[in-house]
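**Q** Residue strings, one per chain:
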Amino acid sequence: MDFCIGIRGNDFVLLCEDMNAAQSIMLHKQDHEKMLDLNDHLLMTRTGNLGDGVQCAEFLQKNIQLYQIRNGYEMRSSAAAHYIRKYLADTLRSREPLEVNLLLGAYDVISNTPQLYYMDYLGSMATAPFCAHGYGAMFATSILDMYYHPGISVDEAIGILNKCIKELKKRLIINFSKFNVKVVDKDGIHKLPTISVEDGIHTH
Amino acid sequence: MSISEYNGSAIVAMAGKDCVALATDTRFGISFKTVSTDFDRVYKMGPRIYMGMAGLVTDMYTVSARLRFRLNLYELRENRPVAPRVFFSMITNLLYERRFGSYFSAPVVAALDPVNGKPLIAAYDCIGDLEVVNDFFADGTSTEQLLGICETLWKPNMDSEELYEVISQCLLNAQDSDALAGWGAQVYIIEKDKVTKKTLKARLD
Chain A
1 MDFCIGIRGN DFVLLCEDMN AAQSIMLHKQ DHEKMLDLND HLLMTRTGNL GDGVQCAEFL
61 QKNIQLYQIR NGYEMRSSAA AHYIRKYLAD TLRSREPLEV NLLLGAYDVI SNTPQLYYMD
121 YLGSMATAPF CAHGYGAMFA TSILDMYYHP GISVDEAIGI LNKCIKELKK RLIINFSKFN
181 VKVVDKDGIH KLPTISVEDG IHTH
Chain B
1 MSISEYNGSA IVAMAGKDCV ALATDTRFGI SFKTVSTDFD RVYKMGPRIY MGMAGLVTDM
61 YTVSARLRFR LNLYELRENR PVAPRVFFSM ITNLLYERRF GSYFSAPVVA ALDPVNGKPL
121 IAAYDCIGDL EVVNDFFADG TSTEQLLGIC ETLWKPNMDS EELYEVISQC LLNAQDSDAL
181 AGWGAQVYII EKDKVTKKTL KARLD
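Chains as they are written, first to last, in my numbering: chain A, 1 to 204; chain B, 1 to 205.
None of these hints come from the bench; they were simulated from the model.
It is possible that part of the hints are untrue.
Unchecked claim - Facing chain A, according to a computed beta carbon distance under 7 Å, are these residues of chain B, among others: (1) Phe28; (2) Val35; (3) Phe39; (4) Thr58; (5) Thr62.
Since we're looking at a predicted model, the values are computed, not measured.
Glycine included, every Cβ here is placed at the ideal spot set by N, Cα and C.
Using the sequences and the hints, build the whole thing.
**A** Okay, structure coming up:
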């Protein structure tokens with residue numbers, strides 16, 4: 001029932017998630033932030049089970065920070081992505097699998113490239129210029145296929161994001177009232193204004 | 001749909017005269033949703049050994065990483081690149097360790113024998129049954145389509161240019177009939193003196 005989307009530009013990755021915290025038919029909270037900074041240039045958003053998501057995200061965050069303490073430098077984005085993938089793959093065939101799908105937005109400061117990783121709960125991983133999880137993904141991916149182009153700017157990406165949100169409001173049965181938006185670039189992770197559906201969605 | 005058809009893939013390997021070719025599709029999907037259209041399924045395991053992996057993508061990553069680990073240790077101890085037949089046995093051993101609770105991914109290995117330059121194609125199932133074939137082998141969700149067209153178009157002792165044409169046509173046409181594979185193709189032509197990688201444009205559906 002969650003939704004998250006990632007868009008990669010020339011020098012940034014934009015991640016957006018819905019802010020619903022729901023379990024079955026009960027909506028606990030409508031301003032819940034699920035996105036987590038794993039390190040200065042690594043941002044992770046998720047869909048799936050709320051409890052599994054928190055355990056997984058905090059565990060990964062602490063281990064990635066431990067790497068930095070031990071070694072004196074940040075874990076590189078592709079190393080972190082493979083580490084996270086292996087963690088999901090290991091839990092898959094163990095006690096219980098973690099029911100969490102992830103999107104990892106990263107900026108690799110050494111090669112100066114933004115990277116967006118799509119990971120699902122089985123431990124499959126792929127890089128893509130844009131991707132999304134959840135029921136909303138089916139709508140958002142088609143809109144992105146149409147409007148995305150390589151070398152997109154942050155403003156254009158937000159414009160496309162607004163188009164996706166407008167479509168979700170119109171055609172998806174699940175009601176999302178707010179969306180949390182963050183950007184990763186060479187200067188780190190920045191929080192952008194929350195998109196609130198009641199205030200009206202501006203597409204440009 | 002079974003678990004080995006969850007992600008979708010099409011892989012084919014073909015032998016020629018002193019050359020061998022390996023071709024895969026480039027779609028990564030979750031059931032009916034396509035996530036990525038430039039997904040790499042081929043791993044280089046030696047100067048003339050290329051391995052393509054079909055089936056569940058998470059197991060593709062796990063098996064190839066574990067294999068890479070064993071291969072690296074072997075090469076450090078022996079101080080030389082691994083011989084193809086030794087590598088084939090390595091894969092069998094790794095997969096059979098999970099006989100009950102198997103990986104849902106199976107490799108297709110295309111290699112050139114370093115001694116006599118003859119093509120070697122290793123075909124596996126997901127628990128490590130090794131068969132070395134001399135003509136062609138296909139795996140993934142498009143296996144039936146691939147086998148049909150390969151049987152028709154393959155002939156022995158093709159040179160590398162003809163082999164490239166034949167394997168490309170086989171893959172492109174077979175994956176057109178498969179909803180879960182396609183969106184492009186990568187073809188590796190492995191010869192004694194060089195390895196060529198070509199990326200093909202395919203039907204985008």
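**Q** State for each hint whether it applies.
**A** A quick look at each hint next to the structure:
no. : hint  : in the structure
1   : Phe28 : holds (5 Å)
2   : Val35 : holds (5 Å)
3   : Phe39 : holds (6 Å)
4   : Thr58 : holds (4 Å)
5   : Thr62 : holds (5 Å)
Hint check: no violations occur; every hint is consistent with the structure.
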